[in-house]
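2 protein chains.
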Amino acid sequence: MSLESIKYKRGYLEVLDQLLLPLQTKYVKIEGVEDGWKVINKMQVRGAPAIAIIGCLSLAIELLNDNSSDKKVMRQEIEGKLNYLVSARPTAVNIKLAADELISLANTLSADETVTSEEFKERFISSIEGMLSKDIEDNKAIGRYGCEAILKNIEGDGQVRVLTHCNTGSLATAEYGTALGVIRSLHAAKRLEHVFCTETRPYNQGARLTAFELVHEKIPATLIVDSMVAALMHVRNIGAVVVGADRVAANGDTANKIGTYQIAIVAKYHNVPFYVAAPFTSIDMQIPSGEHIKIEERPDKEMTHIGDRRIAAPGINCWNPSFDITPASLITGIITEKGVFLPSMLSTLFA
Amino acid sequence: MSLESIKYKRGYLEVLDQLLLPLQTKYVKIEGVEDGWKVINKMQVRGAPAIAIIGCLSLAIELLNDNSSDKKVMRQEIEGKLNYLVSARPTAVNIKLAADELISLANTLSADETVTSEEFKERFISSIEGMLSKDIEDNKAIGRYGCEAILKNIEGDGQVRVLTHCNTGSLATAEYGTALGVIRSLHAAKRLEHVFCTETRPYNQGARLTAFELVHEKIPATLIVDSMVAALMHVRNIGAVVVGADRVAANGDTANKIGTYQIAIVAKYHNVPFYVAAPFTSIDMQIPSGEHIKIEERPDKEMTHIGDRRIAAPGINCWNPSFDITPASLITGIITEKGVFLPSMLSTLFA
Numbered sequence: 001m002s003l004e005s006i007k008y009k010r011g012y013l014e015v016l017d018q019l020l021l022p023l024q025t026k027y028v029k030i031e032g033v034e035d036g037w038k039v040i041n042k043m044q045v046r047g048a049p050a051i052a053i054i055g056c057l058s059l060a061i062e063l064l065n066d067n068s069s070d071k072k073v074m075r076q077e078i079e080g081k082l083n084y085l086v087s088a089r090p091t092a093v094n095i096k097l098a099a100d101e102l103i104s105l106a107n108t109l110s111a112d113e114t115v116t117s118e119e120f121k122e123r124f125i126s127s128i129e130g131m132l133s134k135d136i137e138d139n140k141a142i143g144r145y146g147c148e149a150i151l152k153n154i155e156g157d158g159q160v161r162v163l164t165h166c167n168t169g170s171l172a173t174a175e176y177g178t179a180l181g182v183i184r185s186l187h188a189a190k191r192l193e194h195v196f197c198t199e200t201r202p203y204n205q206g207a208r209l210t211a212f213e214l215v216h217e218k219i220p221a222t223l224i225v226d227s228m229v230a231a232l233m234h235v236r237n238i239g240a241v242v243v244g245a246d247r248v249a250a251n252g253d254t255a256n257k258i259g260t261y262q263i264a265i266v267a268k269y270h271n272v273p274f275y276v277a278a279p280f281t282s283i284d285m286q287i288p289s290g291e292h293i294k295i296e297e298r299p300d301k302e303m304t305h306i307g308d309r310r311i312a313a314p315g316i317n318c319w320n321p322s323f324d325i326t327p328a329s330l331i332t333g334i335i336t337e338k339g340v341f342l343p344s345m346l347s348t349l350f351a
Numbered sequence: 001m002s003l004e005s006i007k008y009k010r011g012y013l014e015v016l017d018q019l020l021l022p023l024q025t026k027y028v029k030i031e032g033v034e035d036g037w038k039v040i041n042k043m044q045v046r047g048a049p050a051i052a053i054i055g056c057l058s059l060a061i062e063l064l065n066d067n068s069s070d071k072k073v074m075r076q077e078i079e080g081k082l083n084y085l086v087s088a089r090p091t092a093v094n095i096k097l098a099a100d101e102l103i104s105l106a107n108t109l110s111a112d113e114t115v116t117s118e119e120f121k122e123r124f125i126s127s128i129e130g131m132l133s134k135d136i137e138d139n140k141a142i143g144r145y146g147c148e149a150i151l152k153n154i155e156g157d158g159q160v161r162v163l164t165h166c167n168t169g170s171l172a173t174a175e176y177g178t179a180l181g182v183i184r185s186l187h188a189a190k191r192l193e194h195v196f197c198t199e200t201r202p203y204n205q206g207a208r209l210t211a212f213e214l215v216h217e218k219i220p221a222t223l224i225v226d227s228m229v230a231a232l233m234h235v236r237n238i239g240a241v242v243v244g245a246d247r248v249a250a251n252g253d254t255a256n257k258i259g260t261y262q263i264a265i266v267a268k269y270h271n272v273p274f275y276v277a278a279p280f281t282s283i284d285m286q287i288p289s290g291e292h293i294k295i296e297e298r299p300d301k302e303m304t305h306i307g308d309r310r311i312a313a314p315g316i317n318c319w320n321p322s323f324d325i326t327p328a329s330l331i332t333g334i335i336t337e338k339g340v341f342l343p344s345m346l347s348t349l350f351a
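Read top to bottom, the protein sequences are chains A and B.
Those letters in the first sequence? Residues 1 to 351, per the UniProt record's numbering, in order.
Those letters in the second sequence? Residues 1 to 351, per the UniProt record's numbering, in order.
No wet-lab data here; the hints were simulated from the structure.
This one's a predicted model, so the numbers in the text were calculated from it and none came from an experiment.
From the three backbone atoms N, C-alpha and C, an ideal C-beta is built for every residue, glycine too.
Take these hints with a grain of salt, some might be off.
[As the list claims (entries may be wrong)] In silico lysine to aspartate or glutamate, EDC-like type, Cα no more than 20 Å apart, as pairs:
(1) B:K38 to B:E77
(2) A:K72 to A:D17
(3) A:K140 to A:E155
(4) B:K190 to B:D246
(5) B:K218 to A:D300
(6) A:K218 to B:E148
[Claimed, not checked] Pairwise CB distance ranges (calculated):
(7) B:L20 to A:E34: 22 to 32 Å
(8) B:E14 to A:K301: 31 to 41 Å
(9) A:I103 to B:M43: 53 to 63 Å
(10) B:E291 to A:E155: 24 to 34 Å
(11) B:Y12 to A:M43: 38 to 48 Å
(12) B:I306 to A:V235: 25 to 35 Å
(13) A:E155 to B:G80: 35 to 45 Å
(14) A:P321 to B:I306: 29 to 39 Å
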């Protein structure tokens, strides 16, 4: 079973503290939006989908214990608290989108005079709970479609070796994962021979989190450093690369964790299919191409230190972009919960 | 001036302790072969050329204080001590080659009855001292030829941005360096705009040592992690990549630090010239191609730990090859002290 990063039942929420991983497995209890804000802000949880869901669930917890019976007050409180939650990590786009949707729902329910305050609360909480189950369902669909697409190239009922980058698993989503969900599906179908995961410098999400999930679930796995991808593809027969996405542009160009572009070039050179796995909502038709995506640059300290230990020569400048753009021309297919698409198909799909 | 990794004058030898870098700059005094063996074995010095020279210089120090006047005894002691020094790092090929050469010199001098024991000692020590100055001269020639080759592609007297990998500087050679020597030459000629150095996981030679040398000499430099090379080439105009070599096969295939092959693929994709800088002795015509070079695999701990701190999930398997093979087809030129050669020219050159 997948690693549980979120434990939720109505009125009860616990999240796995990712800052303590991989050395300690400890859950943090969330009793309301203030706790929700804290775990997001302190990066005890990460991954855009996970942040959105945990933020909203913390609101659901708080609402359940709220005895207010004035719909207008409730509406106002909801809007304020959602904006507060969004402020915990301003660059995470999913929680902003989720907040906008929920504020609009609150407006509708508040304006509808046939809805009682009890119904308001019930329908609002159910809607948040729906986000949790939809994320899991979508990821499982991504897993199925990705599994199918990758196995098309494999003869008979043979097994496949897959490479992934960064963390896109239970620890980045509500559960199951996107790219790592595809790998889970292959493993469940007994068609995965081995998975190789990159360390993913400088923040080591691969070595710390993906490796942790793979060990936890006894999926046969090997860790490599980011510079070994080409050497690996030369000596082992890798059947596919599957990575996640922060955002996909209208032409299929994909923003993802730094290093993704490099892996895509190396995969092309070795004729290894390269897949991006992401929920449909990651496709942003407002962005014509990757050139229009602004690249966030992160602090030098992520590169120069491990915890408080300096690992780079004092005085050296650093360049630390947090992601890069993989051009559509290097992408074999984009795996979504609605199917697998060629990058060039996106515009027709939305037209 | 280059960082001094070896301080030598007749009868006196100190080497920079690389285990303490980049946080401490401390020299270790070498009073004989036992000290030489220790600094090599404990990896206080590294880099195949540096190991050979320091090992042999430690013998020169010891011989100078040796009052023996029996040439036969001296010859015997020299052979034993050189074999002992080679045993400090059995995979380093340069020290083995140097030892073989010196043993053969000792045999000749011992057999030649016109040579007194004093002359034996003097000529033997001078020969070792010659290795030190030859390494520096060769590296400076590599620097000049590399500088010329790279600047051929640069319009007018413009400056160039260069990328390098691992450490090939004063800390890996007697002084000056191979690939980093080329960068020093470009800088001295005021034609270097900027150098980017990769972190070079898992042992971080780039972040620790190359960055240290570049900061020390005030060469304008930026550190990147290994997975950022492609993103860097996309957003900045990189004029050349220059890396070192462990060994070059007869067909030009080159074994070098893990990650070199990946950078070469990425350079090809972006049409960036890719140069290998190495002394002529690194070319091994006995090896027909890269496929015949055995790849050493290193302990997992290099990847899973920084010092004693575990950074990867417990229980994960690792793959840790110490170098990879860059095919000749990806190499623009091999820069040696005798000139810059196309990989395909090597066989004619030696014929």
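Can you name, in rising order, the numbers of the hints this structure does not satisfy? Hint check: 2, 3, 4, 6, 7, 11, 13 and 14 fail, others pass.
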